[in-house]
Amino acid sequence: MRTAYQVCILLAMSIRHGLLALLERGQMYGYQLRSAFEESTGSTWPLNIGQVYTTLSRLERDGLVRSLPESEAGQRPYEITDAGRADLALWFATPISRADRPRDELSIKLALALTTPGVDVRAVVQTQRSATMRALQEFTRLKYASDKPEDLPWRLVLDAMIFQAEAEVRWLDHCETSLVRHRPAPSRPATHPEAVDRAGEEARR
Amino acid sequence: MSGVLELRGVHRTHGAREAAVHALRGVSLSVAAGELVAVMGPSGSGKSTLLALAGGLDRPTGGEVVVEGESLGALPARDLARLRRRRIGYVFQDLNLLGSLTAVENVALPLELDGAGVRAARRLALAALAEVDVAGLAGRFPDQMSGGQQQRVAIARALVGERRLVLADEPTGALDSQAGEAVLHLLRRRVDAGAAGVLVTHEARHAGWADRVVFLRDGVLVDSTAPLVGVEHLLSGSGR
Chain P
1 MRTAYQVCIL LAMSIRHGLL ALLERGQMYG YQLRSAFEES TGSTWPLNIG
51 QVYTTLSRLE RDGLVRSLPE SEAGQRPYEI TDAGRADLAL WFATPISRAD
101 RPRDELSIKL ALALTTPGVD VRAVVQTQRS ATMRALQEFT RLKYASDKPE
151 DLPWRLVLDA MIFQAEAEVR WLDHCETSLV RHRPAPSRPA THPEAVDRAG
201 EEARR
Chain S
1 MSGVLELRGV HRTHGAREAA VHALRGVSLS VAAGELVAVM GPSGSGKSTL
51 LALAGGLDRP TGGEVVVEGE SLGALPARDL ARLRRRRIGY VFQDLNLLGS
101 LTAVENVALP LELDGAGVRA ARRLALAALA EVDVAGLAGR FPDQMSGGQQ
151 QRVAIARALV GERRLVLADE PTGALDSQAG EAVLHLLRRR VDAGAAGVLV
201 THEARHAGWA DRVVFLRDGV LVDSTAPLVG VEHLLSGSGR
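Residue numbers (the UniProt record's numbering), protein chains in the order written: chain P, 1 to 205; chain S, 1 to 240.
Pulled out of the complex, with its shape left as it was, chain S reads as follows:
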């Protein structure tokens, strides 16, 4: 089975020779459609590096990152940027909503940047807001919404269009436990509808929403849990 996201023996080293820092050391991971994988590990274990590589925001120094059959390393910069805009959604702790745009404009922005017509972009943005249950806030500006509502808009922006890979880095941020749980519920729902998801978190309670939990330690995947399916065929472990 080939996943929406495939990391194959991925290495990421910062610096060279004695000063080299090995952020990731031969990580292989496959995430299928309909699967949510949580990546846990202590600070500095390589979690965010893994997510940046998966999203094409950073390039590996070794190994290969494949998203929906396309090897990111082989893509020219312009094609990589387009793939990022069209197929990959990001949810970060820092919401990054633009204060001068309304909720629907924030969500439509990536589509417009990608060349979609204003009307088509707006229609898709409204659908994405409805998916996260905040269609009624479409005309509001970020400072007119609560933290939880803003995070929903940020998620709508990550899900808008046909993104099949959703990458979330500590997406519940500073939200209270109820609002944070709602965020995970939405992520889960999108994955159940056919997306592949990667959730980076240091909170076990959040990782509990995943189908599979992998632990990163010192740049190596050390363990995984798989309550429903065998891990062996999905996760080839570290250093292979």
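Here chain P stands alone, though its shape is the one from the complex:
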């Protein structure tokens, strides 16, 4: 599902700042970070512990976090540095550019469907609309089930996915209306010399 795919990309880009934001609350070790991260996304975006440690070592290399001595239980806590705080503040202050987002496979697919012989574009639109509608129902169900005050961050994330899915359905509706109004001519219209002459004449008038 495209929406889930988008979320994954977005997630990969924001694990770094997600971890920094969590460390801003206080020092934590890897497993704590992982569970805090999952908690803040309603446990539906699992993060593997390898990703956490890889990200932590990059953050440490860049001077944004520092590791502290291991505890007796063998856990190594991390804390955020001043440079890390500045990076986090900058992240919050900067809008996410649309250019940083993944290319929209769906619009490219529809554009190609229009120009590829033998493809039923309306069927492509309808198939996608059903799938996106199902995702929308699923997000709404999750939201309906998350009605506790402490669920607010998770509900806002769900709202974002709901509005994105809605936008996609609206766009698909729009595509369908355009397809109905504009029956495409055969991809290579046979040009009739007389017709061209007539058109040329009319254009000259």
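You may find that some hints are simply not true.
Below, simulated SDA-like cross-link-like pairs (lysine to any residue); rule was C-alpha separation at most 25 Å, straight line [claimed, not checked]:
hint: 1; chain 1: P; residue 1: K109; chain 2: P; residue 2: M161
hint: 2; chain 1: P; residue 1: K148; chain 2: S; residue 2: G136
hint: 3; chain 1: P; residue 1: K148; chain 2: S; residue 2: L175
hint: 4; chain 1: P; residue 1: K148; chain 2: S; residue 2: A182
hint: 5; chain 1: P; residue 1: K109; chain 2: P; residue 2: A167
hint: 6; chain 1: P; residue 1: K109; chain 2: S; residue 2: V222
By construction, these hints were calculated from the structure, which means they are not laboratory data.
For clarity, every value in this text was computed on a predicted model and none was experimentally measured.
Got chain P; can you put chain S on it based on the hints?
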């Protein structure tokens, strides 16, 4: 499984011969208790016609509409009117609250028209207002309430008594997104408590509240989504 609402091969044609407009062309749809079905489709696709037929406000030119086992076409006008008042609740974009009546009087009105005693009607109306979280506004007139509050009262009027079929036509109207969502939440809650619901909407975000979404195009059901149960046994598709 037989639904609270069954449309069986329903046709609705306006006009005759060359001038005939086929609003619905062989639509079959079953809505069970505890199920909310959203009907989506572009303007002129037949959404509102479908809802009017389901509610007995209009009669099909072909096929059958069955509500809780009663075929609407076979009912004399008086029985049909009674079935509409007792078993079917309507929520429209246009609220239709009477300005000279308080919230509780507006909600009690359909029961009183149906012959219920004033006291019994008031008791049921208060319960319906409580269900939509506006029991405290019972004594207010429509112009003393916000749009969202008025819509809640209109929903209470649709739910009052023992209506097992709730039909909603763009029920969020001009409400902002929060108030609109509250309306859908209430509809969902009533359906979860055992009613059957049909929601006509052009907004995907609203249709997201449904268990099943069907698309109408040119009077024909073209597709449906069913995240939890298979659609095949519920929806027999168009033109069968």
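Against the structure, the hints come out as follows:
no.	hint	verdict
1	K109(P) to M161(P)	holds, 21 Å
2	K148(P) to G136(S)	holds, 24 Å
3	K148(P) to L175(S)	holds, 24 Å
4	K148(P) to A182(S)	holds, 15 Å
5	K109(P) to A167(P)	holds, 17 Å
6	K109(P) to V222(S)	holds, 22 Å
Checked against the numbered hints given earlier, this structure breaks none of them.
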